[in-house]
Structures are given as C-alpha cells and as structure tokens.
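> Residue numbers (my numbering), protein chains in the order written: chain A, 3 to 186; chain B, 1010 to 1163.
Treat the hints with care, as some may be off.
Derived list of chain B stretches under chain A, where covered just means 3 residues or more per stretch with a C-beta under 8 Å from a C-beta of chain A [to be verified]:
{"no.": "1", "segment": "1014 to 1021"}
{"no.": "2", "segment": "1024 to 1033"}
Estimated spans, in silico, between C-beta atoms of each pair [said to hold, decoys possible]:
{"no.": "3", "chain 1": "B", "residue 1": "R1077", "chain 2": "A", "residue 2": "R65", "range": "29 to 37 Å"}
{"no.": "4", "chain 1": "A", "residue 1": "E57", "chain 2": "B", "residue 2": "G1028", "range": "17 to 25 Å"}
{"no.": "5", "chain 1": "A", "residue 1": "R44", "chain 2": "B", "residue 2": "R1084", "range": "45 to 53 Å"}
{"no.": "6", "chain 1": "B", "residue 1": "G1064", "chain 2": "A", "residue 2": "T162", "range": "48 to 56 Å"}
{"no.": "7", "chain 1": "A", "residue 1": "R44", "chain 2": "B", "residue 2": "E1143", "range": "39 to 47 Å"}
{"no.": "8", "chain 1": "A", "residue 1": "P33", "chain 2": "B", "residue 2": "R1056", "range": "17 to 25 Å"}
{"no.": "9", "chain 1": "B", "residue 1": "H1063", "chain 2": "A", "residue 2": "M142", "range": "34 to 42 Å"}
I should point out that these hints are in silico values taken from the structure, not numbers from a laboratory. As the structure is a computational prediction, the values presented were derived from the model and not from experiment. For every residue, glycine included, the Cβ atom is placed at its ideal position computed from N, Cα and C.
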Amino acid sequence: MSVSPELDRRFRAAAAAAGLLDVAYDVVDSPLGPLLVAATSRGLCRIAFDPEPDEAAETLARRYGLRVLRAPLDAPRRELDEYFEGRRQVFDLDLDLGSVAPFNRRVLEELARVPYGQTTTYGRLAERADRPRAARAVGMVMNRNPVPIVLPCHRVVGSTGKLVGYGGGIERKEQLLRLEGVLA
Amino acid sequence: MMEAVTIPPFERFYDAHNGEILAFLHRRLGRAEAEDAFQETFLRALRAYGRLEHGRDLRAWAYKIAERVAIDVHRRRAAPAAEEPAAAVDDRPAYAQLEHLAGQLPATERAAVVLRYGYDLSYAQIGAALGSSEDAARQAASSGVRRLRRKELR
Chain A
3 MSVSPELDRR FRAAAAAAGL LDVAYDVVDS PLGPLLVAAT SRGLCRIAFD PEPDEAAETL
63 ARRYGLRVLR APLDAPRREL DEYFEGRRQV FDLDLDLGSV APFNRRVLEE LARVPYGQTT
123 TYGRLAERAD RPRAARAVGM VMNRNPVPIV LPCHRVVGST GKLVGYGGGI ERKEQLLRLE
183 GVLA
Chain B
1010 MMEAVTIPPF ERFYDAHNGE ILAFLHRRLG RAEAEDAFQE TFLRALRAYG RLEHGRDLRA
1070 WAYKIAERVA IDVHRRRAAP AAEEPAAAVD DRPAYAQLEH LAGQLPATER AAVVLRYGYD
1130 LSYAQIGAAL GSSEDAARQA ASSGVRRLRR KELR
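Bound conformation, chain B alone:
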C-alpha cells in the first residue's frame, strides 16, 4: 500500500507549480492565450482542491488540468490545428520537432506524449494524471510517438 501523502495548503501548490504551468501553456497556446488559460487552470485546480484524497503527484495533476484547459482552448479556436502559430523556442529539441503535430493526436496519447517528452514526467506520474496505470501511460505515449513519426515521414 502506498504511503498517504499530506496535501499542502493551496498556496504552496500554486507557488510550486505556477511557473512551469505557465511555460507549458505558453508552448501549447502561444503568448496571447497563455495567461487566461493559466488563470483558468488554477481556478479549476482550486475548485477541485477540497476533494483531493492525497497529495501524491500533484505536479502531474496540475499538468493534467492545464492540458484539459489547452484542449478546450483549441476546441474553441475556429482555425484548424495546422494553422496554429509556431510553438515558442523550446529547450527540448526532440519534442519541439514533434510538437506541432501533437495537436492532431487522440487526447490521451497527446497528453501522454506532452507530459513525457515535453515535461519529463515519469510514466507513473502520467498514469496518475490520466487516471490510468503506469503501463497504460507508457503504451499511450509510445503509440502517440509512433503515430507522430508516421505523420512526420509523410
């Protein structure tokens, strides 16, 4: 059985993750929409915070919420994904080369790929974030990457 992890006050959670979540949204959405999405992400987190049962993997949980907010923003955009502005400069070139394609993946695969290769979360953390197992997270990420490579070769 896993050890219970104390949930920190929201102030600490916000303080610990706000910078990286803003950076994530910046890359997913561009500068213009990142700030509104940032606010929406942490308001959603705050709404759900009282219902958390443990403090494990809160970082992954924050990314999961941010990813959902980003998906909602993409859905609201009228323009097709291919016409989105180029992503900001990235210090992770391998992922940056694929990032512009990631928007076309099924939601779970996209989340797994983004969290694994864009944000370096472990499969266990990604599994926790997506509400699935570590193995399922690994499979989602690898099938997402295969799909991306096929598109890239085309």
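Just chain A, with the same shape it has in the complex:
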C-alpha cells in the first residue's frame, strides 16, 4: 500500500513542527540547479549543490544525529527564491555553525559582512580575521563553507580580480556575481 503524497506531507510537517528532528532537509530548485538545504532546530546548517538525496540523509545523520527527515523548510526556500529573483539582498536566517572549527567560524563571520554586489579578496578577509598571512587558509574555509550563497563566498576573489575557484564550480560563482551586478 502506498502512502498518499498528502499523508506523507502531513507526517513530515508534523514531525518538523513537533521539534522531533535532529536535522530536516529539503531540495530547493534554483537557477543554479537543485540545492540541498538542511536545518537543525538552531538554524540553517547546510546548503549543497548537485544534491544526492540518498547520500544526504546518511551524511547529515553522521554529523547531526539519526533523526533526519526530508521536511519542508519554508523560510530558507522563500528567502532563496527571493534572492534569485533579485528581490532580496540580505538573508534573515538563523545559522547553525556548531560543527565549524573556531578559525573557520571567525572567517565565516567576517565573510557574512561582505555586502551584496561587492567583492573582497582572500587576503583582505584574512586581515579582517586577524590572520593577515592566512589567505590560503581562508581559501580553504571558503571551499568548505557549509552554507554557500547565504554566506557569500562567491564574493571573494583573487588579489588580481580573478575568480579563482568555487566549491560549486566556477560557472556558478560567475552566475551569482552576474545576478548581483558585479559581472556584466
């Protein structure tokens, strides 16, 4: 007997609303392709490109706990939609960076301050995190950014202005910078 989409949806929503999940995840369509979005009770904890929902449940379970369920994440979905439609420049979402190491967290906090439509460099971000010689380490932090787009690692470029790299692929970095009017 198969469970109707309506009953399935109702159970998933009830499970999330009851606060019984270690982590909820959903797949959100975007101009960059489908995005995996995951959140704990504390906030958004993961955005990933090219999601494989089967593996996602396992990966999330290892990090956050076994009570993993695909469930609607309304606020992140709405804000991402608005961002991609050009109607939102600042995300108003709680983040759960609990699993991020202290230096990485410091860098990500500085990254969060880089405004929409502007870019900075790995070196300048390193300076702002009080580690002026750690540009390369900052590059690694960008590469491992758990919540790309919302924490805007696409706004960080090389000292010569070259885009350098992006966890989701350099084309997506270009696409995001075009959306924000940085690139023509």
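Starting from the structure of chain A, add chain B where the hints point.
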C-alpha cells in the same frame, strides 16, 4: 554475540516501512482512522529513535509501535470490539478468517498472532518486537491461535 547493526537515518526507516505500516493500520482500524494512527505511529517511532541501541529488527519494531497505537485507538472507541466494521479485503485468507476475533485476545497473544499470520514476521523478529524470546513469541502465537479456534468453533 550478535553483530551490531547500524541504525539507518530515520528517513530511510520511514521510507522502507511506511507503506506496509499504513496497510497494517488500515486492516486493524479501517480507512477512517488509519491515517491518524499512521502519523501517530511514526511520531512515536521518531521520539524513540534516538534511544535505539542497534538497527536489528526495525521492521518488527515498527509493527510493535503500530500495534500499540491500534490498541490505543480500540480502547478509545466506545463500541465493543464485536461491532467494529469488517476488515478490508486481505490477501491472506487464513488470517483474514480469524482477524475479526483477534481483537478479543490478550495483548501479547494478539500482537504475536497479528505479526506472525497477518504480517509474516519470524518468531525471532516477533520476540524482538515484544521484548521477549523467540520461544515465548511462538508460545504466545500458538496459544492465541488455539484461543481463536475455540471461539471460531463456538
């Protein structure tokens, strides 16, 4: 010693068993109450999921929870068991003939009979689900069946 079995993410557990648990509740309770009972079953499972110690016999565990939810629903019903609506069509005729009587059995026997003859679980799985041994599960099922046969003959 038994090998430790990894507990899957809840999503996988839910995905693997939701259809058969809904079918089970459908037969136990009828269409009207099956959906609420389904939701209650998996919410109870989710509440307990973080306390599981291993991933063995999760299917039996899911049936055990569903059976308890069904018992709670029966208790809430004012009408006596004999006036319950007829069970839905069943592809297991031997059990279907007894099913309408199963509601009158003691809880453990009923669970053992339902899981063995309605859902084809092994005695080892039923024992795990009921928190007893394989032998105890076999005895509960056979004494349940004997009790049912006596009622049937009457």
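> For a quick check of understanding: which of the numbered hints are violated here, in increasing order?
Per hint list: 5, 8 violated.
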